[in-house]
Amino acid sequence: MESLLAARHNILRLLVVLLFLWAVELPPQPIVAVPPPQTVHTSHPIVGVHTRLTDEVEPWKVLRTLEMVREMGSSWIVEFFPWAYSEDYPGEYHFEHADMVVEHARAQGITVIARIGLVPYWARPHPDGQDTTFNYIDESGYEAMGNYVYEFVRHFKGRVHAIIIWNEPNLTFEWGFRPVDPAAYTALLRTVYPRAKQADPNMIVLAGALAPTLEPEGSPTAMDDLIYLQKMYDAGAAPYFDALSAHAYGYKAPTEEPPAPDRLNFRRVELERQVMVRNGDEAKPVYITEAGWNDSPRWHASVSPAQRIEYTIAAYQWAEEQWPWCKMLAMWAFRYPNWMHNWQDNFAFVGVDFQPRPIYLQVQQYATR
Amino acid sequence: MRNIKYHISNFKGWGWVAIACVVVATIALLAARRPPDKAWNQVRQSGVVRFGMDPNYWPFDGLTVSGEFAGLDVDLAREIAGRLGLRAEFVIIGSDGLYDALTTGRCDAVISALTPDAKRRWDTVYTTPYFDAGLVFVLPAASASRFGGDLTGRTIAVEFGSDGDARARWLVRRTVGLRVLTRDTLDEAMQAVESGLADAALTDTTTARQYIAGHPALGIGSRQTSDPYVIAVRMAAPELFRALDRALAQIKADGTLERIIEQWLDH
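Line by line, the protein sequences are chains H and Z.
Position one of the first sequence corresponds to residue 1 (this note's numbering), numbered consecutively onward.
Position one of the second sequence corresponds to residue 1 (this note's numbering), numbered consecutively onward.
Be aware that one or more of the hints could be misleading.
In silico lysine-lysine, DSBU-like type, Cα no more than 35 Å apart, as pairs [to be verified]: (1) K252/H to K119/Z; (2) K119/Z to K157/H; (3) K38/Z to K119/Z.
Just so you know, these hints were derived from the structure itself, not from any lab.
Please take these sequences and the hints and turn them into a complete structure.
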């Protein structure tokens, strides 16, 4: 009788252990579920923002950020989806975090434009031979990037509106600290574009995303965006992008200041547009995927907080009324996952702690009234 | 079990010496295998330490009309290099590229009104802070030391849309009876304090010190936030890091740092 009792106890213990093991082996359940679909209520559908959810780990913060984007009346976000985060090893793709961001955005009624860049270590030269940064890619990595873009587009088919290939390739820093090279960037587009279309013919592929700069050819730090864009066309880039991604920062100038080749201001993008038209590409639209003013008290190109608000709202108005070729205007940057503790914090619309800055409230008033 | 106890109790004399020798040899071997600090070797050989800097942040990092580097960070970097018997050179890097410039060896260290970034701890080390640029209260000098703790019933003046404004809105939600006076410009916010309309203004330390330099009736009260400025060095350059940090400690200890700060902010 005693042995029977002991056997029952042992079986019971075993069951408890098995139950525990089963529980801990279960895949983690989402703590923050994707909410029911919402709609962006806006009177200015051109209004967009560039979010920074790439390094935002906690799902509730992703959700709250995107709720606030919707509540501000922004129909669009531009977000960075780093290749290096999703393909640690060649051919092994992890889109869990990207899925979370895209699904939450869609649930808020927001259209997503995905910027793709940041090269994994295995697609760059071996570090023993050469120290390279995440922004380094040479010809040997183009095919790998094409494969990644194929997988990304296939995975997000119907869920992401457009993709941007690379960021500001006309800056040395963004080109892996090498001399910038429009022909090399065009060669990258030539490899990647067909792969994106192969995965989804409806995916819009954006190119350019050039940094506004006046640096002349041969400068060690950058190349004038207008020269760079022309050189892209000269290298045969036209068939390899569906629309241009442009950056339209205002620096110290008010919104309406007329553009000039030797001036950096918001309307400089009109000069990029002229380059497109000169090259027979007028049918393609422009998406402004970064723009804005900075209100740091000390950065050399900042304005006062009140001016920043005034210029930002005027910029949305200007793009809507004056630029029929402009599909969307995204201001940099909605919210950072962490304070950067430098002048770049003064681009943010919302604090790390989700406290809306006055610019958020003013744009909200403009977009939703 | 009994056997183990027996062996332990008899394991003495030469046995412990042998273990100690193995441990010492292992440590020595590991130390010998540690890659040499190439950055420090290069700095010593060349006699030059190259500081990466985005010269767009006056009065810390800037360029004169004739293209020479100037600012608080520039003077501090030169002082640190001098203490090490070296010469400071500056490499212009956009703020986005400062860490990549370290990675690729375009500079040996970064000094650029930089605050530590937790995300870079895997490959970067930071010196102790040399300046805190966080938000502070500015108020009549006579009451500066008594202000800060309890804000109930106080009135704070801020520039509309500024970091001080954002912080004040945060404080209002947490303090009963705190009032915020919003002004279009910082000067107007400061004038509200001088005229007695507000008990204090809230702004960053640099702005506060620069303003007070011309308005001696005002003083700095308690700190609200902290933005410590540091120098960044690659993790793979531990000897360079130690040298810079030691020199900075000396400069702090003998009052040179405060003199440099005063020279740039208090005039």
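*Given hint K119/Z paired with K38/Z - CA-CA distance at most 35 Å*: 24 Å, holds
*Between K252/H and K119/Z, does the CA-CA distance stay at or below 35 Å?*
With a Cα-Cα distance of about 31 Å, the restraint between K252/H and K119/Z holds, given a limit of 35 Å.
*Quick one, are K119/Z and K157/H close enough, alpha carbons at most 35 Å?*
32 Å, holds
Of the numbered hints given earlier, the model fails none.
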